[in-house]
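Student: Just need the whole structure built from these sequences, with the hints factored in.
This is what each chain is made of:
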Amino acid sequence: MAEIILNNITKEYDNGFQAVKNINLEIKDNEFVILVGPSGCGKSTTLRMIAGLEDISDGDLFLDGKRINDVPPQERDIAMVFQNYALYPHMTVYQNIAYSLKIKKVPKDEIDRRVRETAASLGLTELLDRKPGQLSGGQKQRVAMGRAIIRHPKAFLMDEPLSNLDAKLRGQMRVEIADLYQRLNTTFIYVTHDQTEAMTLGTKIVVMKDGEIQQIDNPTNLFNYPVNKFVAGFIGTPTMNFFDAECVEEDGKLCLKTLDGKIELTPEKEQKLKEDGWTGRKVTAGIRPEHLEFCTEEQAAFKGEISVFELLGSNAIIYAQCADGRVVMNTNDTVSREHGETVFMKPREEKLHIFDPETERIITN
Amino acid sequence: MNTHYKDNRSLPVRILSVLGKVLILGTAGIFTAFPFIWMIVSSLKTKADILNTDIFFPTDPQWSNIASIIFRSPIPRYIFNSAWVSLVIVGLQIITGAMLAYALVFLKFRTNKLLFGIVMGTYMLPVAATYIPSYIILADWHMLDSFRGLIISSTVSIFGIFLLRQGFMQIPKGLVEAARMDGASHWRALWEIVCPMTKASFITFGLMNFISTYNNYMWPSLITKSSEYFLVSQGLRAFFIRDGAYGTEWALVMAASAVVVVPLLVLFAFTQKWFINGIGGETGIKG
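As given, the protein sequences belong to chains A and U, one line each in that order. Under our numbering, the residues of the first sequence are numbered 1 to 365, in order. Under our numbering, the residues of the second sequence are numbered 1001 to 1287, in order.
One thing to keep in mind: the hints can contain errors.
Said to hold, decoys possible - So the derived label-pair ranges between C-beta atoms look like this:
(1) A:Arg183 x U:Met1120: 50 to 58 Å
(2) A:Ser136 x U:Tyr1131: 54 to 62 Å
(3) A:Lys108 x U:Phe1270: 28 to 36 Å
What the hints assert, rightly or not - Listed next, the in silico EDC-like pairs over lysine to aspartate or glutamate satisfying Cα-Cα at most 16 Å (straight line):
(4) A:Lys154 x A:Asp77
(5) U:Lys1108 x A:Asp70
(6) A:Lys104 x U:Glu1192
(7) A:Lys282 x A:Glu338
In short, the hints are calculated from the structure, not lab data. C-beta atoms are modelled at their ideal positions from N, C-alpha and C, and glycine is treated no differently.
Tutor: If you want it as structure tokens, here you go:
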């Protein structure tokens, strides 16, 4: 259990490149924090700075109130699971799991008890005598986790631990990690570029881009109340539809005009846009594919021809070519549709997100 | 993975090709091994036979030549000197070489590349150019004509640093980082994670430097004068000219040379698998 605070942390390399720019983050005891973002956003660097594997160029890092910028990794009492597992190839599974305890000079019988206990909890008992080269990807992943768990560390750091597994195994291991978190009841910091992992595992998600934190929130808020266009587009699959619209006043009411039609606004959104002086100006609007619905031609904000129809069982994804570009709809209506068929869609007004087209910051959710 | 190619050539061509290979390799092999075989057969000849070019194999093997070297000459003493001095030197070279190679490969510091450049630069320096400064330093430290001087002056091997660095570079950095996260210091990570994974490099380095130190002649003969500190090459030379017997005791000189080589042959027999592996550039890590 640990409380970790990052205070104005910056990572600058010798060539002047800033991988992490002045970030602030507070991680409370028992939180499952996810650092998520596209490649090169600085999430792994941030994790490695917490681990002590990367020097901190500027700022302060606190672990349980103690500044640990200059504390070497072996003295931080933090365990880490690496993307490529990093198992010691010359040691058996047993020796791999036991290594940290051996370093701590834990008595042999206690090491044995704890290794067997950990192995049993991860289904590794049968594999204890094998070398890593004889294990499958999923098994290696479990050994890597066992190696971290056995120490009872203050916090677990995981650097894209599932990215080397196939889709099915990844789903399975995701559930196991969630289960582990419930059982261990300790602080987890998890790096991923997969937003499904982020949304399903995290209690707090930190979205990063270009070395800066974009938003810190819980999964629900992140999904429903993104602070900018990047977060809105990054979270959710299929990604949010973005389109340009004009705020126009018709019969005393403000609405958004698209190329194909218009979108009514909720009173709250209307008021916010009016207050901020957006009347008569262009905005960027966003709507998630699942928040689009079929409608009549008169009500339609988007009219288009179906280019791709994907039936996923309980739902279907429709890709339609509209005047505003490609619009993606995720619908429960699983009636098979033909390529080229015309569809009329409108957003659910309360789910519409409106962004400033220049700063890309949210105006109203 | 073994790949089998189908040989489409006709039978006579194939036979000729194999014969050609055998002939070339056989000749090269004989040329390489001939001095050694000559030394062995000469060590069993009589004083008269040895200068008779008509006789290659001894007519009456003189086993007493070998016995007199082992029991009645200072050669075993020189072998012992060479063996333990080489062992200590190689041990020290492994420790210093591994530490520097680890720093060059796994530690991040500003002058990393510069340091490696300097280390490699000294490798370009002719060894003879270092004799005089090294001699003066040892003289100042009062270490001339002693085992201490011999050992201290050879604690670092540039070749070893280079060889180990190349081996260490094959190891994913994540393994050392994982060890650090597991609580290992750099020292532990080096000996418990990196070293076992680059065993072949260590053995190759150890064996090659053991052989060269064991056989070393020039430097030891510059700094040691007393026969009690002689290594084998100096010892052989001293034995050769003993009592003014310049070139008169060829059979005994050959027997002494043969005895001197035995420890190296035994060592090679035990380590050749690793030795060849290490020379071939493979570090023993299987993917």
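Student: Against this structure, judge whether each hint is valid.
Tutor: Here is what the structure says about each hint:
Taking the beta carbon of each, A:Arg183 and U:Met1120 are about 53 Å apart, inside 50 to 58 Å as hinted. Between A:Ser136 and U:Tyr1131 the beta carbon distance is about 58 Å. The supplied range of 54 to 62 Å therefore holds. Distance hint check: the CB atoms of A:Lys108 and U:Phe1270 are about 32 Å apart, consistent with the given range 28 to 36 Å. For the suggested pair A:Lys154 and A:Asp77, the alpha carbons sit about 6 Å apart, so the restraint of at most 16 Å is met.
For the given pair, U:Lys1108 sits about 15 Å from A:Asp70 by alpha-carbon distance, which is consistent with the 16 Å threshold. Pair hint A:Lys104 plus U:Glu1192 holds up; C-alpha atoms about 14 Å apart against a cutoff of 16 Å. For the given pair, A:Lys282 sits about 34 Å from A:Glu338 by alpha-carbon distance, which is inconsistent with the 16 Å threshold.
Figure legend: structure checked against the earlier numbered hints; the only hint not met is number 7.
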